[in-house]
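A.B. asks: Residues per chain are reported as follows:
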Amino acid sequence: MKMLTGFLAPSSGTASILGHDIQSQTLQAQRQIGYLPEGAPCYGDMTVRGFLEFIAEVRGFRGADKRQRVEAAVAQVELEKVLGQSIETLSKGFKRRVGLAQAILHDPKVLILDEPTDGLDPNQKHQVRQLIQGLAHDKIVIISTHILEEVTAVCTRAVVIAGGKLVADGTPLELESRSKYHQAVTLVSDNPLDDIALAALPGVAGVELNERENSLTVLAQPGQVIFPQINALISQRGWVVTELDVERGRLDEVFRTLTRGEAL
Amino acid sequence: MSQLPVIFKRELASYFATPLAYVFIVIFLVLSGVFTFYLGGFYERGQADLTPFFSFHTWLYLFLVPAIAMRLWAEERKSGSIELLMTLPITRFEAVTGKFLAAWVFAGIALLLTFPMVVTVNYLGEPDNGVIAAAYLGSWLLAGAFLAIGSCMSALAKNQVIAFILSVAVCFLFIVSGLPMVLDAFAWAPQWLIDAVASLSFLIRFDSISKGVIDLRDLLYFVTLIVAWLAATAVVVDLKKAA
Chain A
1 MKMLTGFLAP SSGTASILGH DIQSQTLQAQ RQIGYLPEGA PCYGDMTVRG FLEFIAEVRG
61 FRGADKRQRV EAAVAQVELE KVLGQSIETL SKGFKRRVGL AQAILHDPKV LILDEPTDGL
121 DPNQKHQVRQ LIQGLAHDKI VIISTHILEE VTAVCTRAVV IAGGKLVADG TPLELESRSK
181 YHQAVTLVSD NPLDDIALAA LPGVAGVELN ERENSLTVLA QPGQVIFPQI NALISQRGWV
241 VTELDVERGR LDEVFRTLTR GEAL
Chain B
1 MSQLPVIFKR ELASYFATPL AYVFIVIFLV LSGVFTFYLG GFYERGQADL TPFFSFHTWL
61 YLFLVPAIAM RLWAEERKSG SIELLMTLPI TRFEAVTGKF LAAWVFAGIA LLLTFPMVVT
121 VNYLGEPDNG VIAAAYLGSW LLAGAFLAIG SCMSALAKNQ VIAFILSVAV CFLFIVSGLP
181 MVLDAFAWAP QWLIDAVASL SFLIRFDSIS KGVIDLRDLL YFVTLIVAWL AATAVVVDLK
241 KAA
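Those protein sequences? They're chains A and B, same order as listed.
1 is the number of the first residue of the first sequence in our numbering; add one for each residue after it.
1 is the number of the first residue of the second sequence in our numbering; add one for each residue after it.
Calculated directly from the structure, the hints in this document are not laboratory data.
It cannot be assumed that every hint is accurate.
What the hints assert, rightly or not - Calculated pairs, DSS-like style, for lysine-lysine (alpha carbon to alpha carbon, straight line, at most 30 Å):
hint : chain 1 : residue 1 : chain 2 : residue 2
1    : A       : K125      : B       : K9
2    : A       : K81       : B       : K9
3    : B       : K240      : B       : K158
4    : A       : K125      : A       : K109
5    : B       : K78       : A       : K92
6    : B       : K158      : A       : K2
7    : B       : K211      : A       : K92
8    : A       : K125      : A       : K92
9    : A       : K2        : A       : K92
10   : A       : K2        : B       : K78
11   : A       : K109      : A       : K81
12   : A       : K66       : B       : K158
13   : A       : K2        : A       : K125
14   : A       : K165      : A       : K125
15   : A       : K92       : A       : K139
16   : A       : K125      : A       : K139
17   : A       : K2        : B       : K9
18   : A       : K139      : A       : K165
19   : A       : K2        : A       : K66
20   : A       : K92       : B       : K240
21   : A       : K2        : B       : K240
22   : A       : K81       : A       : K66
23   : A       : K139      : A       : K109
24   : B       : K9        : B       : K211
25   : A       : K125      : A       : K66
26   : A       : K139      : A       : K2
27   : A       : K66       : B       : K9
28   : A       : K165      : B       : K9
29   : B       : K240      : A       : K81
30   : A       : K81       : A       : K125
31   : B       : K9        : A       : K109
32   : B       : K78       : B       : K158
Generate the whole structure from the sequences, applying the supplied hints.
C.D. replies: Listed below in structure tokens is the structure:
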């Protein structure tokens, strides 16, 4: 991300943003980008309005155009109440929003957000995600995150990079399907369950006993859907199942396997 | 080029957003007054000129100017805002020059606020105001050279205090290179080397300007020095921004 935005030079290779090479046409590329650096650093001694106007001016807006841009960005991230406050007195959530306002101010085609929800409370996270989803309609939004639920929540394509190397690239669903828990069924019952009978069902790769009593997870073979068979077995045996859960796959487990360099 | 005034404006405003600007100006005015009247013997000399005022500027700047310059880049690096600044569509030249000019104009404002000195000396006698104007110009150029060095040191160090000490040290070298104690150490050297070392000195250049002699070579010396140190700043910023 730091390379895409022209902050660091790549040690080899290059990239281009909407046709502008990041090394030879850095300025043109930077004009297309809105960037929220990690932790949303700002000039703390400036007021929110002063800071946003500075960014607008750097982006080449003057006079009425500038005011209108600032107002539009402020409205989009709901900063109206704190416009006159200096940035260092704001809470973390507000600071992040100032950073976002700064990034979307010039209506960039490409938006690069480094850990946009890191350190925010659940409400703020929800707000930021909604904002990102709203922006994604007409922009390319690239986010980095360590929060894997966010990948499922907002992304249409996910890329895992470990040690500078690309280890996975696909939709969140594709990534999830690489998990051994993809299409796995977790059962919780009041009575003991017959794990041998479950393991013998067609398409079942194995059965894992969970720590909870009378709870187990039935793993599916890759590409198989096992829920109907299990359901049939439950009604045939008359088990009282209190919880039944079909898993989409565990992203964190995929992530751990990928970044540790183990083959799936 | 078009974004330079924007950077300049923000930087200058940021000086006045904190008490730093006012503290600096007050200290500068008080110290320059103290030096002029007590150490310089302004009244005792019985001459209507500002020599005692300007002759202490070099030493005053040695400690005060690095204090303005130290935050230029070190603060950006510390707060991480350098990442923001460097990913905005501005060139290194605009960022480095904009910041420097803001600091330089700020130093100029502090310098202009010493105008009561000029008023006093004009009230007491009939000084050569041309010489005084030349000396002001020289003093401002001197501050610019100190600032350019300070800006480079600030880009080198992440810590403002280290930036301050480094720039004081480098500026000190540039001052003392014209003093006998340094030149005597070069007694073994050929005359051209001694001349070269002496010609690097702020003291000698500044002295001649403050006597009212505006020599093109002296002006060129300060301008070259500023440009060279700013170029070095740009290089250092590029190299160390990730650290």
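A.B. asks: Given the proposed pairing of K109(A) with K81(A), does the C-alpha separation stay at or below 30 Å?
C.D. replies: Distance of about 28 Å is within 30 Å: holds.
A.B. asks: Is the straight-line distance between the alpha-carbon of K125(A) and that of K66(A) 30 Å or less?
C.D. replies: Distance of about 29 Å is within 30 Å: holds.
A.B. asks: Does the alpha-carbon distance linking K125(A) and K92(A) stay inside the 30 Å limit?
C.D. replies: Roughly 12 Å between the alpha carbons, so the hint for K125(A) and K92(A) holds.
A.B. asks: Within 30 Å, alpha carbon to alpha carbon, are K92(A) and K240(B)?
C.D. replies: This hinted pair holds, its Cα atoms lying about 28 Å apart.
A.B. asks: Do the alpha carbons of K158(B) and K2(A) lie within 30 Å of each other, as the hint requires?
C.D. replies: The given pair, whose Cα atoms are some 19 Å apart, holds under the 30 Å limit.
A.B. asks: Decide if the proposed pair is consistent with the structure: K139(A) and K109(A), CA atoms, cutoff 30 Å inclusive.
C.D. replies: holds (5 Å)
A.B. asks: CA of K2(A) to CA of K125(A), is that 30 Å or under?
C.D. replies: holds (23 Å)
A.B. asks: When you check the alpha-carbon spacing of K125(A) and K109(A), does it fall within 30 Å?
C.D. replies: With Cα atoms ~23 Å apart, K125(A) and K109(A) stay inside 30 Å; holds.
A.B. asks: Taking 30 Å as the top limit, are the C-alpha atoms of K211(B) and K92(A) close enough?
C.D. replies: Measuring from Cα to Cα gives roughly 56 Å; hence the hint is violated.
A.B. asks: For a C-alpha distance cap of 30 Å, please report whether K78(B) and K92(A) respect it.
C.D. replies: Cα-Cα ~18 Å, so holds.
A.B. asks: Check the hint pairing K240(B) with K81(A) against an upper bound of 30 Å on the C-alpha distance.
C.D. replies: violated (38 Å)
A.B. asks: Quickly compare the C-alpha distance for K9(B) and K109(A) to 30 Å and report which way the hint goes.
C.D. replies: Between K9(B) and K109(A) the Cα gap is close to 28 Å, so the pair holds against 30 Å.
Checked against the numbered hints above, the structure breaks hints 1, 7, 12, 24, 28 and 29 and satisfies the rest.
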